[in-house]
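Using the hints, build the complex out of the two chains.
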Amino acid sequence: MTTKRSITVTVNGQQHQTEVEPRMLLVHYLREVLDLTGTHIGCNTSQCGACVVMLNGEAIKSCTVLAVQADGGEVLTIEGLAPEGGLHPIQEGFWEKHGLQCGFCTPGMIMASYQLLKNNPHPTETEIRRGLEGNICRCTGYQNIVKAVQDASERMSTSAETPVPAGD
Amino acid sequence: MSVPAAFDYHPATSVDEAIALLQQYGDEAKLLAGGHSLIPAMKLRLSQPEHLIDIGKISSLSYIREEQDHIVIGGLTTYVQIEQSDLLRKHFPLLPEATSMVGDQQVRNRGTIGGSIAHSDPAADLPGVVLALKAEIVVQGPQGKRTIPADDFFVDTFTTALAPDEILIEFRLPKATGSTGSAYDKLANKASHYAIAGCAAVITRGQDGSCSAASIAITGATVRTIRARAVENALVGKQLSETVIAEAVSHATDGEDMIVDIHGSEEYRRKMAAVVARRAIMRALERI
Chain A
1 MTTKRSITVT VNGQQHQTEV EPRMLLVHYL REVLDLTGTH IGCNTSQCGA CVVMLNGEAI
61 KSCTVLAVQA DGGEVLTIEG LAPEGGLHPI QEGFWEKHGL QCGFCTPGMI MASYQLLKNN
121 PHPTETEIRR GLEGNICRCT GYQNIVKAVQ DASERMSTSA ETPVPAGD
Chain B
1 MSVPAAFDYH PATSVDEAIA LLQQYGDEAK LLAGGHSLIP AMKLRLSQPE HLIDIGKISS
61 LSYIREEQDH IVIGGLTTYV QIEQSDLLRK HFPLLPEATS MVGDQQVRNR GTIGGSIAHS
121 DPAADLPGVV LALKAEIVVQ GPQGKRTIPA DDFFVDTFTT ALAPDEILIE FRLPKATGST
181 GSAYDKLANK ASHYAIAGCA AVITRGQDGS CSAASIAITG ATVRTIRARA VENALVGKQL
241 SETVIAEAVS HATDGEDMIV DIHGSEEYRR KMAAVVARRA IMRALERI
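Chains as they are written, first to last, in UniProt numbering: chain A, 1 to 168; chain B, 1 to 288.
Derived by calculation from the structure, the hints in this document are not laboratory data. On a predicted model such as this, the values are computed, not experimentally measured, just so you know. Hints should not be assumed to be uniformly reliable.
Here are the simulated DSS-like pairs of lysine-lysine, each with C-alpha atoms no more than 30 Å apart in a straight line [stated by the list, open to error]:
(1) B/Lys145 <-> B/Lys57
(2) B/Lys134 <-> B/Lys30
(3) B/Lys238 <-> A/Lys118
(4) A/Lys118 <-> B/Lys190
(5) A/Lys118 <-> A/Lys147
(6) B/Lys30 <-> B/Lys90
(7) A/Lys147 <-> B/Lys190
(8) B/Lys190 <-> A/Lys97
(9) A/Lys4 <-> B/Lys30
(10) B/Lys57 <-> A/Lys4
So here's chain B without its partners, still in its complex pose (with noise of 0.2 Å):
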């Protein structure tokens, strides 16, 4: 049977409540969202906290609205609220698109995108989205908020810029501007859908119908959710064919440690990376 080590649990009403329970309990104590990263790893006891504070009830964290040059998510916005959002569907497709490709239908309802970007699985999906929407990433801890730009978020294997005594309350993303497509692709694992690669994609064109701005991230392949720049140079600037965006794509993992594991070799992840990276870019163009 598989159970978690003990622990004494603290339902948190408010972020600053759920901020002093982090400051009275350090390194002792973890963040409860929906839980559908943390409970798995708790189960395995790859983690063994000894205080879990659950913020998962605070509602007030849980929402999707409009600004003058953004739109906003809550932390705790189900994928499910994601993937059903109108709005997110009209200004960032490739988000509800990549969301309704994680787990399944119950793992939506309870999995949020601030547990997610938090947990930080380079196999997770919405890193990579984060990242290819230069999200802009509001934490909270005792001195006040501040905002991580999703470039300097992702530090490495399930770490991130957040520090011990912080939450993640909010994404901020700004609104594109010209005329700009997206979309996410992944060679899924058939039993979790993992990402064995995954790749998120925004391209914006200019006038002379050449790449003025793209904006691509690849998940599930590197050790870390990566921005792949060499494919983003080989982009910008360019009219993009097929040839050309074989070319771009043919870079997107260069000089970064690969994930290794019994799902595919440095290998088949190099080139699955570079396949679902050119399906993400051409569904991106097509949505200009």
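If we strip away everything but chain A, and leave its shape as in the complex, we get (with noise of 0.2 Å):
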């Protein structure tokens, strides 16, 4: 019997203190401790991106973390993005642009192109599709998630008071 650890995680702003296995993974963490469903589980082998949330302000695929690696560590996840209530630019644009069709792997795609737009706000078509490379989208609708990171990039240069939230 292995022993349970005590991690202490801060997520979208709120700091969790919990008793976990040390095999559970981040994203089982935050789906099923902390009841943040936003985060999926696609292939659950580190290639589909339906899993992507923000670790420390870079983007990782959290079926292939564990949450104690989490420890002392700040995440932040889709729910976090914009205020309750609100949308984030990025989010705005999936909307407007149709990025999504099942919506199956947009809350991955939504967290890859934060980190996109964070190190690179105006990323030409060919940074896009190389920035989302770790995102698949079974609906195929890679032409309209270009389209709609294009749109955010646009909203967030334009828009004077771009949120920026907590655990980032």
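What follows is the structure, given as structure tokens:
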């Protein structure tokens, strides 16, 4: 029998202290312990990107990180991107440009786009496609996803008050 | 649901502490760095360590710096840090180039060079680069540090010269002398981005324009990362025309055991290894 460990993780600005089994994956911690089910589990093999969240300011695949590795860290999930009831410019872009069909890949797409635009506020189409290469859309809606990120890029450059959420 | 078998978790705050834990738990322990090879293997239960020693937060092992005759890279330096390093771009362009082809942005944020080399997946990109650059690999164990030349490091599939109680701490890359160019090229699996065949090439041209030194490594195609000595021998001393290069790369995997799986037969991999080797050598030449 293994020893549980106490971890402290700040998720979307709120600090949580929890006893977890060391083998618990971060995505299961977010979904099952904190009930933040916006982060999805797709392939579960670090290829599809449905589980992307920000950990300490970097996009990561939360199916391939242990919850204990996030101890002391800050996590931002899709739920924390915009204040309650509002939408982040990237979410608005995906809405306006029909950047989703079934929506399963969308939280991961948006979080990957968040890192992309944070590092490169005005990416070219090639840079967007490369930035999202770790995210798979099985509806194959890539054209509109690219348009959504371009739209978000414009929104974020014109918006005087781009929300910068806690945890990042 | 795919979760690892149960284990005890030991976060180490220093190399000495990690070595002491390795000595304590022996064969039942594994080191965790970025976790992007080990955690997938644990989820598939291909690896079931009873003790996981997390060295991922030892920040003193994360650096890229210049010394007199070497560029040195700490074992826990991430792919993204390598990809973005101006120092590495200037001295060894194939290293950031190969790193930019690993997985995707999220994987590169977490994965480390030390983890990749210690794991020694024959389809990984960096073992070939480390081999072609003739890196000196510094490891530390209970008796202190020792340096292993890259040529002696990759023993077999997933098997290296690293002892069970040692930690890979640093790569020392000797600076190139003379007119040298380098490049990495690969045929990638579309889903995983692992190499079906890859080649790291470092080419030096002498005063008369002929090839004075060549260091060519093959990844992905062979059961372990190898130096393609037959290719190197066929290049050195020659003026590197397209004909000379084409003849040389036809020997890229001579006598080597090949990986055969759903992504490629032996014949296909031998041919693709020659193709990526030609491309890498051509691009290395353009960079001289």
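Hint check: lysine 118 of chain A vs lysine 147 of chain A, CA-CA at most 30 Å. Holds or violated? This hinted pair holds, its Cα atoms lying about 17 Å apart.
Run the distance test for lysine 57 of chain B versus lysine 4 of chain A: straight-line Cα separation, threshold 30 Å. holds (20 Å)
Check the hint pairing lysine 118 of chain A with lysine 190 of chain B against an upper bound of 30 Å on the C-alpha distance. holds (27 Å)
Does the alpha-carbon distance linking lysine 190 of chain B and lysine 97 of chain A stay inside the 30 Å limit? Distance of about 27 Å is within 30 Å: holds.
Pair hint lysine 238 of chain B and lysine 118 of chain A, alpha-carbon separation not exceeding 30 Å: At roughly 48 Å apart (the allowed maximum being 30 Å), lysine 118 of chain A and lysine 238 of chain B break the hint.
Take the C-alpha atoms of lysine 30 of chain B and lysine 90 of chain B, compute the straight-line distance between them, and say whether it is at most 30 Å. violated (35 Å)
Measure nothing beyond the straight line between the CA atoms of lysine 145 of chain B and lysine 57 of chain B; if it is 30 Å or shorter, mark the hint as holding. OK: lysine 145 of chain B and lysine 57 of chain B at ~21 Å, within 30 Å.
Holds or violated: lysine 147 of chain A and lysine 190 of chain B, Cα atoms, limit 30 Å. Given that 30 Å is the threshold and the Cα spacing comes to 23 Å, the pair holds.
Between lysine 4 of chain A and lysine 30 of chain B, is the straight-line Cα distance small enough, at 30 Å or below? OK: lysine 4 of chain A and lysine 30 of chain B at ~18 Å, within 30 Å.
Assess, step by step, whether the Cα of lysine 134 of chain B is no farther than 30 Å from the Cα of lysine 30 of chain B, and give holds or violated. holds (27 Å)
The structure is inconsistent with the numbered hints 3 and 6, although it conforms to all the rest.
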